[in-house]
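Chemist: For the record, the sequence lines run as chains A and B. For the first sequence, the numbering used here gives the first residue as 10, with consecutive numbering after it. For the second sequence, the numbering used here gives the first residue as 10, with consecutive numbering after it.
Quick caveat, the hints were computed from the structure, so don't treat them as lab data. Some hints here could point you the wrong way.
Derived BS3-like pairs: lysine-lysine, alpha-carbon spacing no greater than 27 Å straight-line [stated by the list, open to error]:
#, chain 1, residue 1, chain 2, residue 2
1, A, Lys-88, B, Lys-16
2, A, Lys-192, A, Lys-217
3, B, Lys-88, A, Lys-184
4, B, Lys-88, A, Lys-215
5, B, Lys-16, A, Lys-14
6, B, Lys-16, A, Lys-206
7, A, Lys-88, B, Lys-192
8, A, Lys-217, B, Lys-215
9, B, Lys-206, A, Lys-206
10, B, Lys-75, A, Lys-16
11, B, Lys-215, A, Lys-206
12, B, Lys-192, A, Lys-123
13, A, Lys-16, B, Lys-192
14, B, Lys-75, A, Lys-195
15, B, Lys-105, A, Lys-88
16, B, Lys-134, A, Lys-105
17, B, Lys-206, B, Lys-75
18, B, Lys-16, A, Lys-16
19, A, Lys-59, B, Lys-217
20, A, Lys-88, B, Lys-88
21, A, Lys-134, B, Lys-192
22, A, Lys-105, B, Lys-59
23, B, Lys-184, A, Lys-215
24, B, Lys-123, A, Lys-217
25, A, Lys-215, B, Lys-195
26, A, Lys-14, B, Lys-217
27, B, Lys-105, A, Lys-215
28, A, Lys-192, B, Lys-123
29, B, Lys-206, A, Lys-215
30, B, Lys-215, A, Lys-195
31, B, Lys-217, A, Lys-134
32, B, Lys-206, A, Lys-134
33, B, Lys-59, A, Lys-215
34, A, Lys-217, B, Lys-217
35, B, Lys-217, A, Lys-184
36, B, Lys-195, A, Lys-75
37, A, Lys-123, A, Lys-192
38, B, Lys-88, A, Lys-16
39, A, Lys-217, B, Lys-134
40, A, Lys-14, B, Lys-61
Here the structure is a predicted model, which is why all the values come from computation and not from measurement.
2 protein chains.
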Amino acid sequence: MTEIKDKSLQDYLDELASSAPTPGGGSAAALMGAQAAALTSMVCNLTIGKPKYAAVEADMQTLLQKSEALRITLTAMIKADVDVFNQLMAAYGLAKTTEQEKSARSQQIQAVLKEATQIPLDCAKACAMAIEQSEEAAAKGNLNVISDAGVAVMSAYAGLKSAALNVYINTASLKDRGVAEQKLAKLGLILASTDVKAEEIYQIVKNKL
Amino acid sequence: MTEIKDKSLQDYLDELASSAPTPGGGSAAALMGAQAAALTSMVCNLTIGKPKYAAVEADMQTLLQKSEALRITLTAMIKADVDVFNQLMAAYGLAKTTEQEKSARSQQIQAVLKEATQIPLDCAKACAMAIEQSEEAAAKGNLNVISDAGVAVMSAYAGLKSAALNVYINTASLKDRGVAEQKLAKLGLILASTDVKAEEIYQIVKNKL
Numbered sequence: 010m011t012e013i014k015d016k017s018l019q020d021y022l023d024e025l026a027s028s029a030p031t032p033g034g035g036s037a038a039a040l041m042g043a044q045a046a047a048l049t050s051m052v053c054n055l056t057i058g059k060p061k062y063a064a065v066e067a068d069m070q071t072l073l074q075k076s077e078a079l080r081i082t083l084t085a086m087i088k089a090d091v092d093v094f095n096q097l098m099a100a101y102g103l104a105k106t107t108e109q110e111k112s113a114r115s116q117q118i119q120a121v122l123k124e125a126t127q128i129p130l131d132c133a134k135a136c137a138m139a140i141e142q143s144e145e146a147a148a149k150g151n152l153n154v155i156s157d158a159g160v161a162v163m164s165a166y167a168g169l170k171s172a173a174l175n176v177y178i179n180t181a182s183l184k185d186r187g188v189a190e191q192k193l194a195k196l197g198l199i200l201a202s203t204d205v206k207a208e209e210i211y212q213i214v215k216n217k218l
Numbered sequence: 010m011t012e013i014k015d016k017s018l019q020d021y022l023d024e025l026a027s028s029a030p031t032p033g034g035g036s037a038a039a040l041m042g043a044q045a046a047a048l049t050s051m052v053c054n055l056t057i058g059k060p061k062y063a064a065v066e067a068d069m070q071t072l073l074q075k076s077e078a079l080r081i082t083l084t085a086m087i088k089a090d091v092d093v094f095n096q097l098m099a100a101y102g103l104a105k106t107t108e109q110e111k112s113a114r115s116q117q118i119q120a121v122l123k124e125a126t127q128i129p130l131d132c133a134k135a136c137a138m139a140i141e142q143s144e145e146a147a148a149k150g151n152l153n154v155i156s157d158a159g160v161a162v163m164s165a166y167a168g169l170k171s172a173a174l175n176v177y178i179n180t181a182s183l184k185d186r187g188v189a190e191q192k193l194a195k196l197g198l199i200l201a202s203t204d205v206k207a208e209e210i211y212q213i214v215k216n217k218l
C-alpha cells in the first residue's frame, strides 16, 4: 500500500473527501504543519546567499536546519494519525462476549486512546514550533517572499487548532482522568502562548507588503 | 511536466520548501481551501445513509454536491497560482531596451498583475464559501466525525487569510489604482463576513465534542 506522503495531492484530497475513515482531520492538521515548515524553509532558501541579506545569513541557515527537521517530524505525523486510528478501530473490534474479553478489550482501547491523545498533542506542539519559526522568517526573511512567511503562520495556526480538536475528542473517552487532565493542561499552555502570537506574526507580514 | 495536483505530498512539500519560485503561498492557500472542501465532503459522506441522520439526509446530499464542486474549483486554483506567477515572471523578463519595448513590457506586466490579483481574490472567495459550507457540516453532520468540520473551517480560514496576502501584494504593484481599490474593497467584504464566523464555527464544533 502506498504510504500517504507518496500519494498525489489529488488522491489525498479524494480519499479525504470519501467515506473512508482515514485519512481524516488529524492527517490534515499534520499536513498543514508540514506545509508551514516548508514555507519557512522556502523563505530561508530565498534569503540565503543574497548579498542584501548577508547580515541575517547565519540566522537563516540555522532557521532552515530547524524548519527542515520540523518538516520531517510533521510529515511523519500525517501517517501516524492514520496508524493510531487503525489501532483504535482494531481495539474497538476486539471480541466482547465473555467478561474476560470485555475487560481485555476495554484495557486495550484505553491504552490506544492514550497514544491517540499523545499524537495530536505532539502535532499541536510541532505546529506551535512552526508558528515560532515563521516569526523569525517574517522578521528577517527576503521581503520579496515575505508573504510566504504569512502563509506559513496561518497554515501552522490552522494545524494547531485542528490538532487540538483531536486532543479534546480522545481525552473525552479516556477513563484515566488524571492523564486526561494532564494532556489538556499541556494543550492549554500551547494554545495560550500561540493564539495571539499567530495574529501578531500575520500583521508583521501584512505591514511589510 | 507533472501537473501539481498529480505530484505526491512529499514532492509538493519538497518543492514548496525549495528555492524554486513555485509552488508558493498562493498554491498553499488553494490547497488549504481544497482540503477544507474535502473535509466537509467527508462529513457529508459519513452522515448520508445513516438512519440516525435521516432528517438531514437531503441537506447533506445537497451540501455534498456543493462541497465537491467547490473542491474541484479550489484544486484547479493550486495550479492557476503557479501559471500566473510564471506569466508574471515572463512579463518582467521582456526586453526593455527601447522606449517602445519598455512601454510594451510595462503594459504586459500590468495586464498580468490584474490577473494575478484576481486569482487570489477568487481563491479568497472560494475559501469563504468553504467556511460557510463547513458551518452546515458542523451544524448537521454525524457527531462521530464532527471534528472534521472543525478542521475544515480552520483549513478554509487559513486559506482565506493566505490568499488575502497575495491580493495585498499584487494590488500594491497595480498602477490602475481604481482597479486596485475595487479588488481590495471586495476582499474587505469577504474578510469582514468570515473572520468572526470561522471562530464561531470552531466553537460550535468544540462544544459538540
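Chemist: Now tell me if each hint is right for this structure.
Modeler: Evaluation of the provided hints:
1. Lys-88/A / Lys-16/B: Between Lys-88/A and Lys-16/B the Cα gap is close to 17 Å, so the pair holds against 27 Å.
2. Lys-192/A / Lys-217/A: 38 Å, violated
3. Lys-88/B / Lys-184/A: With Cα atoms ~47 Å apart, Lys-88/B and Lys-184/A exceed 27 Å; violated.
4. Lys-88/B / Lys-215/A: Holds. Lys-88/B to Lys-215/A sits at ~24 Å (cutoff 27 Å).
5. Lys-16/B / Lys-14/A: Cα-Cα ~10 Å, so holds.
6. Lys-16/B / Lys-206/A: 33 Å, violated
7. Lys-88/A / Lys-192/B: Violated. Lys-88/A to Lys-192/B sits at ~40 Å, over the 27 Å cutoff.
8. Lys-217/A / Lys-215/B: 34 Å, violated
9. Lys-206/B / Lys-206/A: Holds. Lys-206/B to Lys-206/A sits at ~20 Å (cutoff 27 Å).
10. Lys-75/B / Lys-16/A: 25 Å, holds
11. Lys-215/B / Lys-206/A: 21 Å, holds
12. Lys-192/B / Lys-123/A: Distance of about 49 Å is beyond 27 Å: violated.
13. Lys-16/A / Lys-192/B: Between Lys-16/A and Lys-192/B the Cα gap is close to 36 Å, so the pair fails against 27 Å, i.e. violated.
14. Lys-75/B / Lys-195/A: 38 Å, violated
15. Lys-105/B / Lys-88/A: 50 Å, violated
16. Lys-134/B / Lys-105/A: 50 Å, violated
17. Lys-206/B / Lys-75/B: Roughly 19 Å between the alpha carbons, so the hint for Lys-206/B and Lys-75/B holds.
18. Lys-16/B / Lys-16/A: OK: Lys-16/B and Lys-16/A at ~8 Å, within 27 Å.
19. Lys-59/A / Lys-217/B: The hint is violated at about 50 Å.
20. Lys-88/A / Lys-88/B: Distance of about 25 Å is within 27 Å: holds.
21. Lys-134/A / Lys-192/B: Distance ~37 Å between Lys-134/A and Lys-192/B Cα, so the pair is violated.
22. Lys-105/A / Lys-59/B: 24 Å, holds
23. Lys-184/B / Lys-215/A: Distance ~20 Å between Lys-184/B and Lys-215/A Cα, so the pair holds.
24. Lys-123/B / Lys-217/A: 21 Å, holds
25. Lys-215/A / Lys-195/B: Holds - the C-alpha atoms of Lys-195/B and Lys-215/A are around 17 Å apart, at most 27 Å.
26. Lys-14/A / Lys-217/B: 31 Å, violated
27. Lys-105/B / Lys-215/A: The given pair, whose Cα atoms are some 31 Å apart, is violated under the 27 Å limit.
28. Lys-192/A / Lys-123/B: 49 Å, violated
29. Lys-206/B / Lys-215/A: Satisfied, since the Cα-Cα distance of roughly 21 Å is no more than 27 Å.
30. Lys-215/B / Lys-195/A: Holds. Lys-215/B to Lys-195/A sits at ~17 Å (cutoff 27 Å).
31. Lys-217/B / Lys-134/A: 24 Å, holds
32. Lys-206/B / Lys-134/A: Distance ~26 Å between Lys-206/B and Lys-134/A Cα, so the pair holds.
33. Lys-59/B / Lys-215/A: It is violated: about 45 Å lies between the C-alpha atoms, which goes past 27 Å.
34. Lys-217/A / Lys-217/B: 39 Å, violated
35. Lys-217/B / Lys-184/A: Since the Cα atoms of Lys-217/B and Lys-184/A sit roughly 19 Å apart, the hinted pair holds (cutoff 27 Å).
36. Lys-195/B / Lys-75/A: 38 Å, violated
37. Lys-123/A / Lys-192/A: Within the cut-off at roughly 9 Å; holds.
38. Lys-88/B / Lys-16/A: With a Cα-Cα distance of about 17 Å, the restraint between Lys-88/B and Lys-16/A holds, given a limit of 27 Å.
39. Lys-217/A / Lys-134/B: Holds: Lys-217/A and Lys-134/B sit about 24 Å apart, inside 27 Å.
40. Lys-14/A / Lys-61/B: Violated. Lys-14/A to Lys-61/B sits at ~35 Å, over the 27 Å cutoff.
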